[in-house]
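A.B. asks: One-letter residues, chain by chain:
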Amino acid sequence: MTFINYASREINCKIVYYGPGLCGKTTNLQHIYDATAPQAKGKLISLATETDRTLFFDFMPLELGTVRGFKTRFHLYTVPGQVFYEASRKLILKGVDGVVFVADSQEERMDANIESLYNLEENLKAHGYDLMKIPYVLQLNKRDLPNVIPMEDLTMELQKKGEPVVEAVASTGVGVFDTLKAVAKQVLTELRRS
Amino acid sequence: MPILIREQRYHHIKALLARLRLDASARVVVLVEKDGQQIAAHGEVGALDTTSLASLVAGNVAATGGMAKLIGEKEFPTLSHEGDKESIHISVIGRILLVVVFDHRSSLGLVKLRSKQASHELAAAFAEIERESESAGASSNLPFSEITDEEIDSLFVQN
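Heads up: the sequence lines are chains R and F, in that order. The first sequence lines up with residues 20 to 213 when you count with the working numbering. The second sequence lines up with residues -16 to 142 when you count with the working numbering.
The calculated EDC-like cross-link candidates involving lysine to aspartate or glutamate, where the alpha carbons are at most 16 Å apart (straight line), are:
#  : chain 1 : residue 1 : chain 2 : residue 2
1  : F       : Lys68     : F       : Asp86
2  : R       : Lys179    : R       : Glu141
3  : F       : Lys17     : F       : Glu113
4  : R       : Lys62     : R       : Glu82
5  : R       : Lys113    : F       : Glu16
6  : R       : Lys204    : F       : Glu134
7  : R       : Lys200    : F       : Asp136
8  : F       : Lys(-3)   : F       : Glu27
9  : R       : Lys60     : R       : Glu82
10 : R       : Lys200    : F       : Glu133
11 : R       : Lys62     : F       : Asp32
12 : R       : Lys113    : R       : Asp149
13 : R       : Lys204    : F       : Glu133
14 : R       : Lys200    : F       : Asp132
15 : R       : Lys204    : F       : Asp132
16 : R       : Lys204    : F       : Asp136
17 : R       : Lys180    : R       : Glu140
Worth flagging that the hints you see were computed from the coordinates, not collected in a lab. Note that this is a predicted model, so its numbers are computed, not measured.
Please work from the sequences and hints to get the whole structure.
C.D. replies: Here it is, written out as structure tokens:
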């Protein structure tokens, strides 16, 4: 749910990174955090288990700049990927303005990608959203690994509606900002339409 | 539909929070939307990261709301976390969450009482915000309805 505050001249939007366990959602946020100037970001909050798996969510506010005299802030969230955290994963999608689906490009994770994508559609529906209508980007992560599925095949299997597809290696930052830009642009364009 | 907070409404809410803070002898009072967006904050904010606080409070309320449903309750209308020095009291008022941070200068009983007393006016103020947001959306009277592609692109040049 976009918030526009005339008194503080701010727009706040919510973007959620979704995907199967260990696909690199938190790594995306970590790279954005590390590569952003201190004045443009808030704290990176990670509610994780002792083994660094996301338990509830990661969160960081990011300021992109000013448009029409309003500061644009994006609240970036990740969900826990592991199947058994379904209840908490669903909660994070409340009030979402844009979604990034982070797919794991490795052959053996294909089923997990498909299951997670189906789960995303279902959980969006439960909150009254339609994946086909909301700002959405597909990121194909871990492109540096040896056993990855070709981009064309992955795209054919996972692309839902002609959304932007970004190849990424989140651990080194490749494609991370391109993904963020692609979803943020759609969110702002949607704001114009509403 | 975006939520629009007009200046006059914002200052009204800030005034309500200021009064509550005084009446409850609280350190900080924050109003948060259930999705995690901060609406307004008042008090000795100092180094307190109210943006993160808003996000965590919403997560906390969402998680306890989920627990409530599991045991057959609609939701838990209030949550309290008491620490050695600082404590937090959260009231769920429809779509908004009223967060009161307090220390030894106050007590949980006083904070609960004052939060309850303030909740009606805050709910009414937020209902006005919702009404204004709906009518602005319906008439396309938003500040970004004429935003250009170039303006959107310019945000990404520096990053």
